[in-house]
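**Q** Residue numbers (this note's numbering), protein chains in the order written: chain R, 6 to 264; chain B, 6 to 264.
Keep in mind the hints are simulated off the structure, nothing from the lab. Keep in mind that the hints are not guaranteed to be accurate.
Put simply, identical chains are the same to the list, so a pair is met inside one copy or across any two.
Result set (DSS-like, lysine-lysine): computed pairs, CA atoms no more than 30 Å apart in a straight line [what the hints assert, rightly or not]:
no. : residue 1 : residue 2
1   : K252      : K234
2   : K179      : K76
3   : K234      : K76
4   : K180      : K192
5   : K76       : K63
6   : K22       : K84
7   : K76       : K180
8   : K84       : K102
9   : K84       : K95
2 protein chains.
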Amino acid sequence: MRGLRELILRELAYSKKNLWSLLDRCQFLLRDVLDELNRMYDEGLIGVDEDGLYLTEKGRSLIRPESLRLKAGLCEACKGRRITLDGEFKDLLREFKSIVKGRPRPVLDYFQGYMREYDVVARVALMNYYGDLSGRDVILIGDDDLLSVALSLTELPSRILVLDIDERLGGFLKKINRDYGFQIEFKRHNVADPLPEDIIGSFDVFSSEPLETWSGLRAFIVRGVSCLKEDGVGYFGLTRVEASLKKWRKVERLITTAP
Amino acid sequence: MRGLRELILRELAYSKKNLWSLLDRCQFLLRDVLDELNRMYDEGLIGVDEDGLYLTEKGRSLIRPESLRLKAGLCEACKGRRITLDGEFKDLLREFKSIVKGRPRPVLDYFQGYMREYDVVARVALMNYYGDLSGRDVILIGDDDLLSVALSLTELPSRILVLDIDERLGGFLKKINRDYGFQIEFKRHNVADPLPEDIIGSFDVFSSEPLETWSGLRAFIVRGVSCLKEDGVGYFGLTRVEASLKKWRKVERLITTAP
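Please construct the entire structure, taking both the sequences and the accompanying hints into account.
**A** Here is the structure:
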């Protein structure tokens with residue numbers, strides 16, 4: 006894996022790190038990072054204790070000290086998200102956290118779930134930044150994250166429709182609607198099935214956090230795009246630790262070559 | 006232009022703005038923004054004075070006040086670049102600014118030239134963040150920005166080759182090499198011509214700031230990619246004010262469908 010070993014050496018030269026913060030920094034696949042760490046461990050370049058991974062003397066000898074002089078980091082203020090949340094968004098985050106406390110427990114365990122609420126509100130802020138909330142009809146293809154609730158708190162979209170396979174989510178949203186006066190619509194839908202006719206071409210914006218298998222990705226994105234009116238806009242998330250650059254390229258090709 | 010009018014109304018509702026800060030915020034084409042501003046002016050929605058554009062009472066009446074409550078902005082700390090420059094990078098920026106003072110004057114006028122030096126160093130920081138500097142062979146397809154000089158200041162790349170049509174740049178780099186002990190290589194090259202054989206497939210990284218005409222874009226990117234070894238990496242810049250989203254899509258298709 007070109008560059009991965011150098012990157013691990015560099016990162017550990019700055020400080021001891023656990024696997025997760027190393028992954029955050031790496032932009033390589035989880036499995037490639039694990040493979041490389043195992044190789045480096047076998048070669049005696051790194052060690053591990055309860056505080057995390059560290060460089061051995063042998064590992065440290067491979068570093069050119071001048072390569073450590075310049076350190077570029079992800080922006081501390083926005084964590085590399087580009088967008089910051091001002092005071093009103095912070096209030097919204099607080100409300101959102103308190104509302105979603107009673108959410109149905111996930112059926113799958115989500116990787117990096119720990120920042121989820123902040124990330125959801127950051128997504129809303131991004132959509133707002135691009136002018137895709139106010140007066141817009143928004144459809145969510147899957148809503149494990151309860152983005153629908155954060156969107157409702159903005160009071161900006163004209164319509165919010167959730168398609169999700171999980172009937173429990175429908176029940177939860179119904180309760181939230183009642184308690185907070187929201188109008189989130191819910192339709193049980195398996196993304197593997199064709200879309201209901203009346204939904205196709207009816208929305209300004211879709212958002213989705215697809216499964217990262219290729220067929221999952223494809224289904225979520227194609228469904229989302231099908232829901233859009235002319236000049237519609239889509240948002241979806243894709244990691245770098247589970248989706249390889251080859252898969253990213255395939256996704257970009259899917260989007261840019263669609264008719 | 007869908008959403009553009011709302012965005013202009015919103016932005017001017019927050020504060021009076023000049024055309025450039027509005028463009029910065031807009032992510033729409035310069036010509037579309039100008040067209041829309043003219044229409045809005047004709048309809049009496051906006052006015053203009055020496056401090057910039059402002060909303061008239063009629064314009065202000067079109068805004069839903071609740072749409073202004075939440076304001077997401079580009080991160081102040083990194084200006085939306087995701088990457089921040091630490092102390093050492095700030096020193097590098099100072100050195101860079103002082104070295105490039107004597108640069109040949111541009112033959113074309115560059116849009117948004119005022120932040121160029123900071124932007125160049127931010128580019129270097131980004132390349133550093135992705136692990137694409139240390140020990141790498143880097144080729145620059147065009148070097149109006151003198152990225153080669155900023156790269157040399159890092160002392161990290163193994164090789165830096167500049168291809169540029171402007172012979173004066175070669176002379177300037179020669180002088181810089183002599184004065185600062187750099188080893189920047191220069192080859193005069195018109196991007197419309199085929200690449201020299203010995204360059205093809207020889208580099209780890211390319212960087213380019215293409216012309217934004219389609220044929221220009223295509224030539225710079227295809228040349229850059231041709232210079233790369235297996236698993237090589239490319240960086241190039243593209244604006245949103247001069248290149249339409251349709252052009253962006255075409256560029257992504259070019260990159261992702263190449264064999």
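**Q** Evaluate K179 and K76 at a C-alpha cut-off of 30 Å and name the case that applies: within, between, both or neither.
**A** between (49 Å within a copy, 29 Å between copies)
**Q** Measure nothing new, just compare the shortest in-copy and cross-copy C-alpha distances for K76 and K63 to 30 Å and report within, between, both or neither.
**A** within (22 Å within a copy, 51 Å between copies)
**Q** Up to 30 Å between alpha-carbons, please classify K180 paired with K192: within, between, both or neither.
**A** For K180 and K192, only the intra-copy Cα distance (15 Å) is at most 30 Å; the inter-copy one is 69 Å.
**Q** Classify it for me, K22 with K84: is the Cα-Cα distance of at most 30 Å met within a copy, between copies, both or neither?
**A** Result: close both inside a copy and across copies, 18 Å intra and 28 Å inter.
**Q** Regarding K84 and K95, is the shortest C-alpha distance of 30 Å or less found within a copy, between copies, in both, or in neither?
**A** Result: close both inside a copy and across copies, 16 Å intra and 20 Å inter.
**Q** Please work out whether the CA atoms of K76 and K180 approach to 30 Å or closer within one copy, between two copies, in both situations, or in neither?
**A** between (49 Å within a copy, 29 Å between copies)
**Q** Is the C-alpha distance from K84 to K102 at most 30 Å within one copy, between copies, in both cases, or in neither?
**A** both (20 Å within a copy, 28 Å between copies)
**Q** Since the copies are identical, ignore which copy is meant and state whether K234 and K76 lie within 30 Å (CA to CA) inside a copy, between copies, both or neither.
**A** between (45 Å within a copy, 26 Å between copies)
**Q** Should K252 paired with K234 be assigned to within, between, both, or neither, using CA atoms and 30 Å as the limit?
**A** Both: 27 Å inside a chain and 20 Å across chains, each within 30 Å.
No hint from the list above goes unmet by this structure.
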